[in-house]
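*Asks:* All chains, full assembly: derive it from the sequences and hints.
Sequence positions in the sequence shown follow the working numbering and run 244 to 367.
Think of the hints as simulated: they come from the structure by calculation, not from any bench. Honestly, I wouldn't trust all of these hints.
Straight-line C-alpha distance at most 30 Å; calculated BS3-like pairs for lysine-lysine [said to hold, decoys possible]:
| no. | residue 1 | residue 2 |
| --- | --- | --- |
| 1 | 347 | 300 |
| 2 | 252 | 347 |
| 3 | 300 | 252 |
Label pairs and their computed distance ranges (CB to CB) [as the list claims (entries may be wrong)]:
| no. | residue 1 | residue 2 | range |
| --- | --- | --- | --- |
| 4 | 345 | 308 | 36 to 46 Å |
| 5 | 352 | 312 | 13 to 23 Å |
| 6 | 281 | 307 | 29 to 39 Å |
| 7 | 301 | 352 | 22 to 32 Å |
| 8 | 319 | 281 | 12 to 22 Å |
Don't be surprised by glycine CBs; every beta carbon is placed ideally from N, CA and C.
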Amino acid sequence: MANTETALKDAMNSIDGTLGVALVDYGSGMALGTLGGSSSLDLNVAAAGNTDVVRAKLRAMEMLNLQDSIEDILITLGTQYHLIRLLTGRGGSGLFLYLVLDGKRANLAMARHQLRRIEAELEV
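*Replies:* The structure is reproduced here in structure tokens:
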């Protein structure tokens, strides 16, 4: 089982094109851990902003009476992919992994596969 630091390092090293990764509590909007980022990519600000995305989607699902769960939320920008993966196991309720990828170097299918693996190994 991996802790937060190990999981974030794994994401940075095993997913091609990763620019930054965070583990986020969508109840508070706070990042519990971050790795990567840059002066133009503040992962703490992104964590708070993407908390609103997750909450909005959960509200929409509730209003539509959808009896399902969110696996991933993908946001595509001109040069980047932002991938949000809600955690489901081992105390991960209320948390998501947030991954920022370089759109030219990343393979979305492989990124989703690796993020699913990292989630399965993460123990919070």
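*Asks:* Now tell me, hint by hint, if it's right for this structure.
*Replies:* Evaluated hints:
no.: 1; hint: 347 x 300; result: holds, 27 Å
no.: 2; hint: 252 x 347; result: holds, 21 Å
no.: 3; hint: 300 x 252; result: holds, 28 Å
no.: 4; hint: 345 x 308: 36 to 46 Å; result: holds, 38 Å
no.: 5; hint: 352 x 312: 13 to 23 Å; result: holds, 20 Å
no.: 6; hint: 281 x 307: 29 to 39 Å; result: holds, 37 Å
no.: 7; hint: 301 x 352: 22 to 32 Å; result: holds, 25 Å
no.: 8; hint: 319 x 281: 12 to 22 Å; result: holds, 19 Å
Violated hints for the displayed structure: none, as all numbered hints are satisfied.
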